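Enquirer: Protein chains in written order, with the working numbering: chain V, 130 to 430; chain X, 64 to 384; chain P, 3 to 381.
The set of hints was computed from the structure by calculation and includes no laboratory data. Keep in mind that this is a model prediction, so the values were computed, not measured. Hints may contain errors.
[What the hints assert, rightly or not] With the Cβ distance kept under 10 Å, some of the chain X side facing chain P (calculated, not the full set):
1. TYR98
2. GLY121
3. THR124
4. VAL162
5. THR180
6. VAL240
7. MET242
8. ASP356
9. ALA359
10. PRO371
11. ILE374
12. LEU375
Glycine residues also receive a C-beta, built at the ideal position from the N, C-alpha and C atoms.
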Amino acid sequence: MPEQTIPESTSVQDAPISDSEVLLTVDHVTLRFGGVVALNDVDFEIRTGEILGLIGPNGAGKTTCFNAMTGVYKPTSGSITFDGTQIAGSKPHQITALGIARTFQNIRLFPEMSALENVMVGCDARNKTSVLGALFRMYRIWGLPEEDLPRNPVRRALAKVIGVSRHEVEERRSRRKSWELLRFVGIADRADELSRNLPYGYQRRLEIARALATDPKLLCLDEPAAGFNPAEKEDLMGLIRRIRDRGLTVLLIEHDMRLVMGVTDRIVVLEFGSKIAEGAPAVVARDPKVIAAYLGEPDAA
Amino acid sequence: MDFTNLIEGLAGFTVDGLTKGSIYALVALGYTLVYGVLRLINFAHSEVFMVGAWTVLGVYTAVGAHSGVGVWLAIGITLLAGLVAALVSAGTALVVERVAYRPLRNKNAPPLIVLITAIGCSLVLVEIFGHALRVFFGAPFGRSAVNIPTVVPTREVFTIGNFNMSNIDLIVILAAVGMMVALDLFVNKSRLGRGVRAVAQDPDTASLMGVNKNNVIMLVFIIGGVAAGLAALLHTMKYDFAKFDMGFLIGIKAFTAAVLGGIGNLRGALVGGLLLGVCEVYSSALISSNWEDVTAFVILVVVLMFRPTGILGESLGKARA
Amino acid sequence: MTDTTPQKSVLKRVAAVPSLLGGAPQWVKVPLILLVLSFCVYLPFLNILPFAYIRTDLRPNGSDWSTVLFTIALYMIVAVGLNVVIGWAGLLDLGYVGFYAVGAYSIALFGSPASPVTKAIAAQFGLPEGWSMAFAACIPLAICIALIAGVILGAPTLRLRGDYLAIVTMGFGEIIRIVMRNSTWTGGPAGIIAVPEPPAADEDFFNTIDVHRWYWLALAVLVILIWLMRRLEHSRVGRAWLAIREDEDAAAVMGVNAFKYKLWAFAIGASLGAIAGLLFASKQAYVEPNGFQLNLSFLFVAMVVIGGSGNIWGALFGAFLITYLPERFREFESWRPLAFGVALVAIMVLRPQGLFPNRRRARELEDRKHEAEEAAADA
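The following block holds chain V by itself, in its conformation from the complex (with noise of 0.2 Å):
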């Protein structure tokens, strides 16, 4: 078992949180599957707006802490604060109404649905319509934009009248948003195909898109880049500033070191469960204990 820094993190632990720049904060999370120590005493946070690389040997425990993060494992001790609320413990969709949204590493798509329906379910996470708003549309909402009045004469005339539905609305914004994201991951050309028979990289992007719609403050990208070429690699880092850029903070879950050490602001590196190192890439990237773990124990060999 690798060395604990205890009395560094108890002092981080005791410094009260005043940095309002941090979004997410793992505090000493240990997560046990039996005796399997997956998560030991883990600790970092993620600051609004970074990208942060989360990197580790095969085994690492970064799928898991991923997987702690967004409510699919509770935490055996430890806490994990997202944005002042508590998050470790709570339902995967309680977490990403609080703003998390997540990639799958063996892409989880709804194969029977369209490109289209897929990210819209993604957007289904901000709607408030329910069964009884959808069954009876008695909800009416008047003096709406244009673009949200029904295209037919007939009913846009109507609208103005009775109103619009508030189910409606939704649904129309939500496909406009989809038809947005999908655009701005670069697949629209297929938007109304079904999502399992799209192409390896559609598929891939079209999961971002889809965790994009869910309006996510924090984007948890899990491995995006398993299975691309360069050239796609390449694209991929260039979507990855461009959501940055769009005001959200991302989480990544990289083999590729060169798309890492190229993308990130910083980096996390785990090894059997616990971290080892932490820092600007450059900084990481000469740390002998994160070189020994990828290389082999040099006094091993």
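Using the hints provided, position chains X and P relative to the given structure of chain V.
Expert: Coordinates of chains X and P only, in the frame set by chain V:
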């Protein structure tokens, strides 16, 4: 709530419950094994049991058995009926697997579809005995219950207080428990049993390691069928009738027993079966036999809600429960 | 999902028709719907050859045509409701007959002056002899009771694995029947008589002779329910159900509260089943526990699955087939369950996706085209 009734006849009710429960346990075996390996509730299994009961009747009719035969002949006929019933039931289970489940498995059909196919198979088997066979062969097939001759007459073996232990109850309980023990040994000790456990744990890896998945699945259906056939024999010894829809309630209860003990777990089937049988008899003694069937369902719902893995936990894969 | 067989069969082309119509422009769709509807309204009097051959009362002992139509419409309501549960939310409910029974018994218990419940209420509050609740009041009451029953059954069980849910719901269906048979307040095995018929301006409008009026009533209810359910399908609710069915974990991460939507599916299914049961009891004027055997549940499931789970038109077609064929070919009546079982197995094995597979919901094409053009222009 008639507690005095229950207390006074406690020993009798308990033995009655254990007898019932033994039959549930044997039928539950089939559910548990198939579920453990295929994750499928084999709805047609209750009909495999029903076919077994008819087979017993067929054997008795063929050899002209009646209640007056001598002891050794009675034992011989019973054993013969058990053997044939086990074979026919196993054959029925195999046919269902080959005709319905395997094609669906090859198509990788979703569980819902397989489950509905199982219901369809169950319906077909019920109707074959409830209608089709009657059209071709006439009575005794059809919608009404048929009496099965008592080959082994009921005798009291011993008496404790006001309670008489009958030979039938004793045979049923001992046979069922014996069968369960033998099967447990088979699955845990033999090479074939190891294959069953391997497939139950991870079908894909098991087939990579050279286990023939389809053979294992057939084996599981055969074992389940044999157990159901024997259960049918024991059932006819105790209740002496065969009916086209007799499988339904017993099937549901056996499945409940399997879930109660922990589905996929062989010992769980025994524990769950015995427990369910006793609970049922107690509850009908306490309230009224009208509510007996509700007891099983209520137990099922409660177990699933509070301990969905059953009493002993679910695992065909693990070596020991 | 299984891959579809590559053959370009006639069946496949026919199966594509409903979805093609779904994409047709408004000026084709609206008159077409009206045409189909008016034909349905006219059906009881169908007398033009060769169409009249579909009538079931051509032989002396054939079933009454209007009664058959009523039953078809009734079971179509059931199929639409169960399609929400099985087809859209992917929850196998094998106890749907329980909700059907709840609906039937709700109106019988509260609407019939002969029921022990109304008698007890009347005695308690000093109401006149023969008092019973108004028919109109019984409808929301039945729906409420079914909703509550759905939630009571669903809340603890919807977290279970799919096949466990099947067994528990089946148990529920049986418990309802056994409770109704064994309790004195439900009339016991004899059931309850004098279930009221719907009120009408002409007091004798809904009677036992002019059954076609009952059929029209059921048809009207059916049309309204289809309209409402399609609204759900094409909303975030329908998307959420589909997402849960496809990948529950991914759906949760996308912000879908899976449990809530499953519970809604269950409750909606329950209330539709209750509406059908209510109509049935009212037409029958009589309920008894034996009318709600578990086989009926299997029949309902088969309707949804044979037609093509998840497709409202498929479910309607399934309900039609399963109700109509046995009535039309009554000479083989005793073979009905067997044929039904064989058909169920054969269809599932040969065509697991059902006759009319669940086509991905095609949205209004014009809207789509517009957006696609916009996207192309922007790109």
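Enquirer: Next, verify each hint and record whether it holds.
Expert: Evaluated hints:
1. TYR98: Cβ of TYR98 (chain X) sits 8 Å from chain P, so the hint holds.
2. GLY121: violated (21 Å)
3. THR124: Nearest chain P Cβ about 24 Å off; hint violated.
4. VAL162: The hint holds - VAL162 (chain X) has a Cβ within 10 Å of chain P, the shortest such distance being about 8 Å.
5. THR180: Hint holds; THR180 (chain X) Cβ to chain P Cβ min 4 Å, cut 10 Å.
6. VAL240: Hint violated; VAL240 (chain X) Cβ to chain P Cβ min 26 Å, cut 10 Å.
7. MET242: This interface hint is violated because 25 Å lies over the 10 Å limit.
8. ASP356: holds (6 Å)
9. ALA359: holds (8 Å)
10. PRO371: holds (6 Å)
11. ILE374: With a minimum Cβ separation of about 16 Å from chain P (threshold 10 Å), the hint on ILE374 (chain X) is violated.
12. LEU375: violated (17 Å)
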